[in-house]
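A.B. asks: The residues making up each chain are set out below.
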Amino acid sequence: MNGANASAGDPRHHPGARGRDGAADGAEHAPGPAVDPVTVEIVRNALIAAADDMNATLMRSAYTPVIYECGDCVVALLDDEHQVLGQSAGLPIFLGNLESCTRATEERFGRDAWRPGDVWILNDSYLGGTHLNDVTIFGPVFVGGELAGFTATRAHWIDVGSKDPGGSMDSVTIFQEGLRMGPQKLVAGGHEVPGVVDTIATNVRFPYPTTGDMNAMVATIRMGQVRLAQIVERFGLATVRAAREEIFRQTEALERAVIARIPDGVYTAEGFLDNDGIDLDTPVAVRLRVTVAGSELTFDVTESADQTTGPVNCGVAQAVSACRVGYKLLVSPDVPGNGGSFRPLHVRVREGSVFGARPPAACQWYFSHLGLLIDLVAKALAPALPDRVAAASHGDSMVVMFAGTDPRVARDYVSLEATLGGWGAWRGSDGQDALINNVNGSLKDLPVEVFEARYPLRVTHYGIRPDSGGPGRWRGGNGVVREYTALADCTVSLWFERSVTPAWGLAGGRDAVGPEVVVNPGRPDERRMLKCNGLPLRAGDVVRCATGGGGGYGDAAERAPEAVRADVLDRQVSPGYAARVYGVSDPVPGAGAEEGVAGQVQS
Amino acid sequence: MGDLRVAMDIGGTFTDVVVYDEGTGGYRAGKAATTPQDLTRGVVTALESVVGPGDEVGFLVHGTTQGLNALLQRTGARVLLLASAGAADTYHIARGPRERLYDLHYRKPEPLVPLRDVVAVGGRLDAAGAEIEPLDEDAVRRAAARFRAEGFTALAVGYLFSHVNPAHELRTRELLVQELGEDLTVSLSHEAANEWREYERTSSAVLEAYIGPVVQHYLTGLTGTLTRRKATAGAPLHVMQSSGGVISAETARRRPLQTLLSGPVGGTMGGVALARTLRRPNLVCVDMGGTSFDVSLVVDGAPDVAAEARLEGLPVLMSVVDIHTIGAGGGSVAYTEAGGLRVGPRSAGADPGPVCYGRGGTEPTVTDANLVLGRLDGAGFAGGRLPLDADRAEGALGALGERLGLSARAMAEGVCDVANAKMAQAIRTITVSRGIEPNRFSLVAFGGAGPMHSVFLARELGIGEVIVPRFPGALSAWGMLQTEIRRDFAEPYLSRDADLDGADLAARLTRAAERALRSLDSEGVPADRRRARAFVDIRYAAQEYTLTVPLTSPEEPAGADFPRVVAERFAAQHRERYGHANPGAPIEFTTLRVTALGDLGRAAPEPLAAASDPAFPVRHRPVVFGGAPERTAVVARADLRAGHAFAGPAVVTEPTATTVVPPGHRVAVDAFGSLVVQEEAA
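Line order of the protein sequences matches chains A and B. For reference, each letter of the first sequence is one residue, going 1 to 603 in this note's numbering. For reference, each letter of the second sequence is one residue, going 604 to 1285 in this note's numbering.
Hint data in this document are derived by calculation from the structure and do not stem from the laboratory. Backbone N, C-alpha and C fix where the C-beta goes; we use that ideal spot for every residue, glycine too.
Chain B stretches covered by chain A per the calculated footprint, using a threshold of three residues with CB under 8 Å from any CB of chain A: (1) 709 to 717; (2) 942 to 956; (3) 1176 to 1185.
Please model the complete structure; the sequences and the hints are all you need to start from.
C.D. replies: Below, the structure is given as structure tokens:
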């Protein structure tokens, strides 16, 4: 029987040419008749590696740090039915919405629109789902004259010509947010379409790095085309398709097995954004209703707020992505994504809501309510999956932007930072202090030494914010305090969120402290605010930004006293707070001496 | 001075010693089991296996894992960290990225110092290094008192902007020495890593303080032991550095950070030496052991050296040969998931190890698959010290195969095919991120398991040639004999090209080069064998990452057309590394680097005696290739001479490694005894 291998004895035998082993037919988990399990696994890994190679190409050749350092991008290989064959980890919020771009293109222009050597571009918020800065570039892959699939990449462009550089915090219509492109050919038959690149370059503020990033993205999808073609040529399209079905089946089976363990029922959660950035007094509701039935999950967000005047809106595709992120965090964190992923997930979105915005709704801050939605998935399912969830994190990007002229070099500058915060505790562990929020992926903070060398401001304090994490048997992570002193006149813009719904605790754990921004603390002109656009500052003015903590897990009364004392020693918890909240009032050994140290770093 | 040059390399399982005799031009190799409790013991045992009391050693170089072990096992010093008040939490904030995006339970890398052991010290400089607030000397003295009272064993100091102006850090050390005495490990961040970015610099200083006492104690003990032995009494001990060069043990005691990756880089430096000897400038070096699979690149004859590395998630700013570790090896486990086959990254490790070790392992591994296929000789494994149980391996693969509808043998070959495909893909992704397609490279295979898989990897990668050097199990030790003394120095220099003062830059570099060359005084390098190389880290303005651009000399920036020349050089390098460049865009200088190199002579490659007879002893055994057993030549490497050649299928055996040559390939033994495997023309 073993000699039955079709290519036995062929010294050039390649796994791809593997014949079928007769015994496969009787196996319990036998895949389709055309492909053996070894070939399936080699194809599966080859597709994952092809996506990795695309990602490596993008990282290597991108111009702007937001891509190669922050990882604000994603790549994918799709089959000819727009199903994911392989994708990079990428930015979570981009999960699974590249296929909506190729689908939308096909719906608009028909399947015949796909031609060899073509490259397409799209950034329309209502099709791609995100803000206009997120540009998707994609193209078909033909092998032997046949459409074998697509490769696609999405990356954040630093500027697309919005009314303010980089993007606005107070836009009320998409027409303020920059250049908007539906599906548009960038390259036709291997030749650049005349005028398109020029049009883009004349509509953005930084044409050089922008076209550089665009070229990097084109190189990325080309790399994917080469890899996908190599895989199809090596194994044959029929084998790849048969392997694909088995790969998808495996992924679906893994996910369904997890969902099947969740008790059937309806689980709900709701939370509120502080506001939409324009009408500062009206919170924006996000309501999630999860229905579990067998191995099927339905996420219903139709009861959420109507689309807003300000820029916290997004297209349906992006709402689906956020639901997938929430799902993946709980159901399949370690399973590589492909067309078999998310098959048990159904998403219900209402047109005209913040999750199904209609033109011309502003979409610049599309991620604030999506980040909340992702967090709410874990909240809703916490009773069913107590070991997999975590209490909420500080939640949003907490953006600080300064602009002005640096007198040291007489040059204009714009600084833009997202600020770290606390993450939620989970059963068995305290939450982590000072981490970036979900939507910003692997972004790092800007070192004080880099910040001060580059901008005429001093970071007068940067440290962990004690007592900000939610109390619990396991304590929520603490946020941070970052305090700036202006050395020259400038303006500040702020987007801080989650004061109305700070990070919640779970299983008896308590909520965290929310964010707080104070301008000129302790001075007669002290002001508090969480959002502003271009507030003027004078040299010597101080902006103190404090981010929220993460929620606690379990009853604070059950926290081990030695853990509380350790927190006091580590200045994570003040002695007074330890006594008040945890009832641990016996002095920590040497606490008298510690008081002075704590005093030096207090916010 | 004696005429033996000796390299001693500590590995996870074995400590290897390679001896080069300058008199005869010959090499010999020895080994002993690594003794984790007291590494010196294994080193001495290995040394004695090849160096007798009558021998006289003139040069000793050592690759040690002592510092790395202390880090991995968290058995380093208890460190008190002094940090700038107002930014004292920097080390724990750790810049806050989430490296695993879909993990709600993500944790930061575990810091080496708990927050309570960070002391905030007042005193502040601005970005230009000017003092805004004087150093709080009382706070330093209080820290010294605490150090003494609470039993700390090392100190690290990381102040903001110390890379621009080290005065506060230097004064801090003075005060600490006044309070605590000279015999003290104090790591200042600007000395550990003289570059901007306070978290990374502080992390480097903490790491150096953490491993410092352990490495110092070890090197002192080893030096003493070697000095007491007659054969080695007159030989200065050198230590391999992460950068690929060596330093004296005395310098390593003062600057232990550079010893962290002392062991693994030897293999890459062996690759560099092979590139020179074999005139093949571009190599993919593959070191496969039981649990790990390390890949490094030699490009244009030079190792890939990075200016920053991460160990256990903690950043460290130092020159380090880039080694990529892939979770694959002989111990990778094959299993099913949702009815599909998976191979690795889960590993059976050394304990229980593969099923065939008979130590209780039940899940089949890649080693088991190689054994069942006949590619691995169960009786001769590890020189016959560990006989392998092929029946047990076949049973485990058979059970797995049953679940997937495959025979044990088809299952075994499938496991190898999947493992090879995954390893090859990982190598390709590494090269793609450097802008290289691997097919213009040769593949060098070493380590115990590397030569068994290398020809299959090469085929997957489109690489036409595989080289298996002599002593593949000891290439790392051999590589250490091929290196130079190396000291690296850096200093910050922040300037845009438009604002550049070329004369000032040249003067700084010249001073730095003079200092660097003087540092070789203590390395015993004769004056006529020293040279210095100057580099500048450059980036496009507003970019984050830099490229290290070589200068023709430290004085080059004084030249009138330097700005144009260096911009073009940077652009060319940028294009090669990233695939594009932006000629004419403003560029920014960030860091000056000087490397001092001292040539202490190298061991020459030893030619292998030419074959006097084209024939050599051959046995045959069946080995499975392409689904069926084939009559395969089994050749002992010891029987091969330069000029011998034969066709696959073949298996070449030696005590530490097995080279598998599938059908359709041809092996030639070159003048230095390397096996050169090439695909036969169709």
